[in-house]
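Enquirer: When you line the sequence shown up against the working numbering, it's residues -6 to 279, in that order.
Treat each hint with caution, since some may be false.
To be verified - For each label pair, taking beta carbons as the anchor points, the in silico distance ranges come out as:
1. Asp24 to Asp232: 17 to 25 Å
2. Gly159 to Ser88: 23 to 31 Å
3. Asp79 to Phe119: 19 to 27 Å
Treat the hints as calculated values from the structure; they're not laboratory data. The model shown is predicted, which means the values in this text are computed figures rather than measured ones. Backbone N, C-alpha and C define an ideal beta-carbon position, used for all residues, glycine too.
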Amino acid sequence: MDTSIAQFTKGERPRPGSVIAPLLYLGRCPDVPYSYVGRPPPGMPADGCDFVAHPVVIHDARDASGFLDLDRNGFELWHAPTSVRDFLDEEEVESRYVPELVELVLRATAGRSAHVFDTQLRRREFGRPPMTLGGRSGPFAGPAGRVHVDYTEASGARRFGKVLEGRPLPRRFAIVNVWRSIGPAPVLDTPLAVCDARSVLPEDLVATELRYPDRTGEISLVRHRPGHVWSHVSEMRRDEVLLFKQYDSDRGVARFVPHAAFDHPAMPPDAPPRQSIEARVLVTFP
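Using the sequences provided together with the hints, build the complete structure.
Expert: Right, dumping it as C-alpha coordinates:
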(Lines of atoms letter the chains of each structure in order from A and count residues from 1; the text may use other names and numbers.)
(Lines give C-alpha, C1' and ligand atoms only; values in the text may rest on other atoms or scores of the structure.)
Protein backbone atom coordinates (compact mmCIF):
# COMPACT_ATOMS: atom_id res chain seq x y z
CA MET A 1 0.00 0.00 0.00
CA ASP A 2 1.23 3.50 -0.84
CA THR A 3 1.62 5.43 2.42
CA SER A 4 2.94 8.67 0.97
CA ILE A 5 2.40 11.81 2.96
CA ALA A 6 -0.27 12.95 0.50
CA GLN A 7 -2.63 10.44 2.09
CA PHE A 8 -2.49 12.21 5.45
CA THR A 9 -5.44 14.57 5.85
CA LYS A 10 -6.33 16.67 8.86
CA GLY A 11 -9.99 16.57 9.92
CA GLU A 12 -12.95 14.35 9.06
CA ARG A 13 -16.63 14.47 8.25
CA PRO A 14 -18.90 16.11 10.85
CA ARG A 15 -20.79 13.72 13.09
CA PRO A 16 -22.86 15.44 15.77
CA GLY A 17 -23.36 13.97 19.21
CA SER A 18 -22.24 14.21 22.82
CA VAL A 19 -22.48 11.77 25.71
CA ILE A 20 -22.43 12.01 29.49
CA ALA A 21 -20.12 9.49 31.10
CA PRO A 22 -18.12 9.23 34.34
CA LEU A 23 -14.38 9.90 34.31
CA LEU A 24 -12.10 8.93 37.19
CA TYR A 25 -10.40 11.97 38.69
CA LEU A 26 -7.94 12.18 41.56
CA GLY A 27 -9.76 12.31 44.90
CA ARG A 28 -8.56 12.39 48.50
CA CYS A 29 -4.80 12.01 48.83
CA PRO A 30 -3.14 12.39 52.24
CA ASP A 31 0.40 12.34 50.87
CA VAL A 32 2.29 12.41 47.57
CA PRO A 33 0.15 10.36 45.14
CA TYR A 34 1.55 7.12 43.81
CA SER A 35 0.36 4.12 41.81
CA TYR A 36 2.10 0.77 41.39
CA VAL A 37 2.34 -0.72 37.92
CA GLY A 38 1.92 -4.43 38.55
CA ARG A 39 1.78 -6.09 41.95
CA PRO A 40 2.66 -3.78 44.88
CA PRO A 41 5.06 -4.89 47.65
CA PRO A 42 3.48 -6.89 50.49
CA GLY A 43 1.44 -4.69 52.78
CA MET A 44 1.38 -1.73 50.37
CA PRO A 45 -1.83 -0.55 48.68
CA ALA A 46 -1.72 -0.36 44.89
CA ASP A 47 -2.62 3.34 45.02
CA GLY A 48 -1.77 6.03 47.53
CA CYS A 49 -4.89 8.06 46.83
CA ASP A 50 -8.58 7.76 46.06
CA PHE A 51 -10.29 8.22 42.72
CA VAL A 52 -13.72 9.79 42.24
CA ALA A 53 -16.00 9.27 39.23
CA HIS A 54 -17.36 12.58 37.98
CA PRO A 55 -20.02 12.58 35.24
CA VAL A 56 -18.90 14.91 32.44
CA VAL A 57 -20.15 15.91 29.01
CA ILE A 58 -17.89 14.42 26.36
CA HIS A 59 -18.36 16.09 22.98
CA ASP A 60 -17.87 14.37 19.64
CA ALA A 61 -14.68 15.88 18.22
CA ARG A 62 -15.90 15.13 14.71
CA ASP A 63 -18.12 18.21 15.04
CA ALA A 64 -15.09 20.46 14.80
CA SER A 65 -12.29 18.15 13.67
CA GLY A 66 -11.19 20.40 10.81
CA PHE A 67 -10.73 23.32 13.21
CA LEU A 68 -8.80 21.54 15.95
CA ASP A 69 -5.18 22.55 16.39
CA LEU A 70 -2.37 20.84 18.30
CA ASP A 71 -0.93 24.10 19.58
CA ARG A 72 -4.31 25.59 20.54
CA ASN A 73 -6.50 22.68 21.69
CA GLY A 74 -3.74 20.15 22.20
CA PHE A 75 -5.21 17.49 19.90
CA GLU A 76 -6.15 16.82 16.28
CA LEU A 77 -7.83 14.08 14.24
CA TRP A 78 -6.07 12.90 11.09
CA HIS A 79 -6.99 10.54 8.28
CA ALA A 80 -3.82 8.44 8.13
CA PRO A 81 -3.97 5.02 6.43
CA THR A 82 -1.32 2.53 7.43
CA SER A 83 0.41 -0.25 5.55
CA VAL A 84 0.74 -2.38 8.71
CA ARG A 85 -1.19 -5.63 8.53
CA ASP A 86 -0.37 -7.09 11.94
CA PHE A 87 0.29 -4.73 14.84
CA LEU A 88 1.27 -7.69 17.01
CA ASP A 89 4.31 -8.21 14.78
CA GLU A 90 7.01 -6.09 16.41
CA GLU A 91 9.26 -6.21 13.35
CA GLU A 92 6.48 -4.98 11.08
CA VAL A 93 5.64 -2.18 13.51
CA GLU A 94 9.29 -1.12 13.59
CA SER A 95 9.88 -1.34 9.83
CA ARG A 96 6.55 0.02 8.58
CA TYR A 97 4.69 1.87 11.30
CA VAL A 98 7.52 3.86 12.83
CA PRO A 99 8.46 5.55 9.53
CA GLU A 100 4.77 6.33 8.93
CA LEU A 101 4.54 7.96 12.35
CA VAL A 102 7.64 10.06 11.77
CA GLU A 103 6.25 11.32 8.48
CA LEU A 104 2.82 12.05 9.94
CA VAL A 105 4.02 13.81 13.09
CA LEU A 106 6.42 16.02 11.16
CA ARG A 107 3.56 16.96 8.85
CA ALA A 108 1.25 17.72 11.78
CA THR A 109 3.73 19.70 13.86
CA ALA A 110 6.06 21.30 11.30
CA GLY A 111 8.86 19.94 13.46
CA ARG A 112 12.48 19.43 12.47
CA SER A 113 12.87 15.83 13.67
CA ALA A 114 10.63 13.14 15.16
CA HIS A 115 11.72 10.16 17.24
CA VAL A 116 9.33 7.32 18.10
CA PHE A 117 10.48 6.02 21.49
CA ASP A 118 7.58 3.95 22.80
CA THR A 119 4.61 1.99 21.45
CA GLN A 120 1.89 0.41 23.56
CA LEU A 121 -0.85 -2.06 22.61
CA ARG A 122 -4.06 -1.85 24.64
CA ARG A 123 -7.23 -3.93 24.77
CA ARG A 124 -10.32 -3.63 26.93
CA GLU A 125 -10.56 -6.61 29.24
CA PHE A 126 -13.41 -9.07 28.75
CA GLY A 127 -16.06 -8.48 31.39
CA ARG A 128 -14.98 -4.82 31.53
CA PRO A 129 -13.63 -4.66 35.09
CA PRO A 130 -12.95 -1.22 36.66
CA MET A 131 -10.15 0.52 34.78
CA THR A 132 -6.87 1.56 36.40
CA LEU A 133 -3.79 3.05 34.74
CA GLY A 134 -3.55 -0.08 32.61
CA GLY A 135 -2.46 -3.49 33.90
CA ARG A 136 -0.87 -5.91 31.44
CA SER A 137 -2.05 -9.24 30.06
CA GLY A 138 0.22 -10.74 27.39
CA PRO A 139 1.11 -8.22 24.67
CA PHE A 140 -1.78 -5.94 25.66
CA ALA A 141 -2.16 -3.48 28.50
CA GLY A 142 -5.61 -2.55 29.69
CA PRO A 143 -7.02 0.87 28.85
CA ALA A 144 -5.97 3.67 31.20
CA GLY A 145 -9.24 4.76 32.79
CA ARG A 146 -7.95 7.41 35.18
CA VAL A 147 -7.64 11.00 34.05
CA HIS A 148 -3.92 11.66 33.66
CA VAL A 149 -1.10 13.15 31.60
CA ASP A 150 1.89 10.92 30.91
CA TYR A 151 4.45 13.60 31.78
CA THR A 152 4.99 16.41 34.24
CA GLU A 153 7.11 19.52 33.84
CA ALA A 154 10.07 17.62 35.29
CA SER A 155 9.61 14.19 33.70
CA GLY A 156 8.94 15.67 30.26
CA ALA A 157 12.28 17.44 30.35
CA ARG A 158 14.03 14.29 31.59
CA ARG A 159 12.54 12.27 28.75
CA PHE A 160 14.46 14.33 26.19
CA GLY A 161 17.75 13.24 27.73
CA LYS A 162 16.69 9.59 27.69
CA VAL A 163 15.58 9.62 24.05
CA LEU A 164 18.37 11.80 22.66
CA GLU A 165 21.14 11.13 25.14
CA GLY A 166 24.03 13.55 24.97
CA ARG A 167 22.29 16.13 22.82
CA PRO A 168 21.78 19.67 24.16
CA LEU A 169 18.22 20.81 24.81
CA PRO A 170 16.81 22.48 21.70
CA ARG A 171 14.90 25.74 21.71
CA ARG A 172 11.67 23.75 21.74
CA PHE A 173 10.66 20.11 21.87
CA ALA A 174 7.39 18.28 22.46
CA ILE A 175 6.06 14.79 23.13
CA VAL A 176 3.06 13.83 20.99
CA ASN A 177 0.92 10.73 21.45
CA VAL A 178 -0.50 9.05 18.33
CA TRP A 179 -3.54 6.86 19.12
CA ARG A 180 -5.03 4.41 16.59
CA SER A 181 -7.69 1.70 16.68
CA ILE A 182 -6.32 -1.60 15.36
CA GLY A 183 -9.54 -3.59 15.46
CA PRO A 184 -11.42 -4.62 12.32
CA ALA A 185 -14.47 -2.50 13.19
CA PRO A 186 -14.91 1.12 14.33
CA VAL A 187 -14.41 1.73 18.06
CA LEU A 188 -17.71 1.44 19.93
CA ASP A 189 -16.29 0.10 23.19
CA THR A 190 -14.15 2.19 25.57
CA PRO A 191 -13.11 5.15 23.39
CA LEU A 192 -10.48 7.65 24.45
CA ALA A 193 -11.49 11.04 25.86
CA VAL A 194 -9.16 14.05 25.67
CA CYS A 195 -9.43 17.37 27.50
CA ASP A 196 -8.96 20.68 25.67
CA ALA A 197 -5.68 22.08 26.99
CA ARG A 198 -7.17 25.59 27.15
CA SER A 199 -9.56 24.44 29.88
CA VAL A 200 -6.81 23.00 32.12
CA LEU A 201 -5.17 25.08 34.85
CA PRO A 202 -1.70 24.29 36.25
CA GLU A 203 -3.17 23.57 39.68
CA ASP A 204 -5.39 20.85 38.17
CA LEU A 205 -2.31 18.70 37.52
CA VAL A 206 -0.83 16.77 40.46
CA ALA A 207 2.62 15.16 40.10
CA THR A 208 2.33 11.44 40.89
CA GLU A 209 4.88 8.66 41.30
CA LEU A 210 4.33 5.75 38.92
CA ARG A 211 6.16 2.87 40.59
CA TYR A 212 7.43 0.04 38.38
CA PRO A 213 9.32 -3.03 39.68
CA ASP A 214 12.66 -1.55 38.53
CA ARG A 215 12.12 2.21 38.45
CA THR A 216 9.87 5.11 39.40
CA GLY A 217 8.42 7.47 36.84
CA GLU A 218 6.35 10.61 37.23
CA ILE A 219 3.02 11.45 35.64
CA SER A 220 0.27 13.94 36.43
CA LEU A 221 -3.07 12.88 37.84
CA VAL A 222 -5.85 15.43 37.53
CA ARG A 223 -8.23 17.04 40.00
CA HIS A 224 -11.78 17.63 38.79
CA ARG A 225 -12.90 21.10 37.79
CA PRO A 226 -16.25 21.84 36.15
CA GLY A 227 -14.57 23.96 33.47
CA HIS A 228 -12.79 21.03 31.81
CA VAL A 229 -13.89 20.58 28.19
CA TRP A 230 -13.85 16.94 27.06
CA SER A 231 -14.04 15.35 23.60
CA HIS A 232 -13.83 11.93 21.98
CA VAL A 233 -13.91 10.79 18.36
CA SER A 234 -16.96 8.68 17.63
CA GLU A 235 -16.45 5.32 15.92
CA MET A 236 -12.77 5.75 15.16
CA ARG A 237 -11.56 3.61 12.28
CA ARG A 238 -8.25 1.93 11.62
CA ASP A 239 -7.34 4.56 9.00
CA GLU A 240 -7.62 7.43 11.50
CA VAL A 241 -5.36 8.65 14.31
CA LEU A 242 -5.83 11.00 17.21
CA LEU A 243 -2.76 13.11 17.94
CA PHE A 244 -2.50 14.84 21.31
CA LYS A 245 0.13 16.65 23.36
CA GLN A 246 1.75 15.00 26.35
CA TYR A 247 4.35 17.72 26.88
CA ASP A 248 5.62 20.86 25.20
CA SER A 249 8.54 22.96 26.39
CA ASP A 250 6.96 26.06 24.77
CA ARG A 251 4.86 27.74 27.47
CA GLY A 252 2.94 29.77 24.89
CA VAL A 253 1.06 26.81 23.34
CA ALA A 254 -1.02 23.84 24.46
CA ARG A 255 1.30 21.74 26.62
CA PHE A 256 -0.53 19.03 28.56
CA VAL A 257 -3.70 17.15 27.50
CA PRO A 258 -5.41 15.11 30.23
CA HIS A 259 -6.95 11.95 28.83
CA ALA A 260 -8.69 8.75 29.90
CA ALA A 261 -10.57 5.81 28.45
CA PHE A 262 -14.26 5.57 29.28
CA ASP A 263 -17.05 3.05 28.80
CA HIS A 264 -19.44 4.59 26.30
CA PRO A 265 -23.00 4.62 27.73
CA ALA A 266 -24.50 3.75 24.33
CA MET A 267 -22.11 0.89 23.62
CA PRO A 268 -23.91 -2.11 22.08
CA PRO A 269 -23.80 -5.15 24.39
CA ASP A 270 -22.11 -7.22 21.67
CA ALA A 271 -19.46 -4.61 20.79
CA PRO A 272 -16.02 -6.22 20.48
CA PRO A 273 -13.47 -5.07 23.08
CA ARG A 274 -11.52 -2.07 21.87
CA GLN A 275 -7.98 -2.74 20.63
CA SER A 276 -5.59 0.12 20.01
CA ILE A 277 -1.97 1.10 19.63
CA GLU A 278 -0.47 4.30 20.90
CA ALA A 279 2.95 5.71 20.22
CA ARG A 280 4.91 8.45 21.94
CA VAL A 281 6.92 10.65 19.62
CA LEU A 282 9.50 13.24 20.66
CA VAL A 283 9.55 16.19 18.26
CA THR A 284 12.20 18.89 17.99
CA PHE A 285 11.56 22.23 16.28
CA PRO A 286 13.68 24.61 14.24
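Enquirer: Next step is simple, just say for each hint if it's right about the structure.
Expert: Going down the list of hints, with the structure as the test:
As the Cβ distance of Asp24 to Asp232 is approximately 45 Å, the hint placing it in 17 to 25 Å is violated. Between Gly159 and Ser88, the C-beta spacing of about 26 Å keeps the proposed range 23 to 31 Å intact. Separated by about 21 Å at the C-beta atoms, Asp79 and Phe119 satisfy the suggested range of 19 to 27 Å.
Going down the numbered hints, you'll see the structure goes against just number 1.
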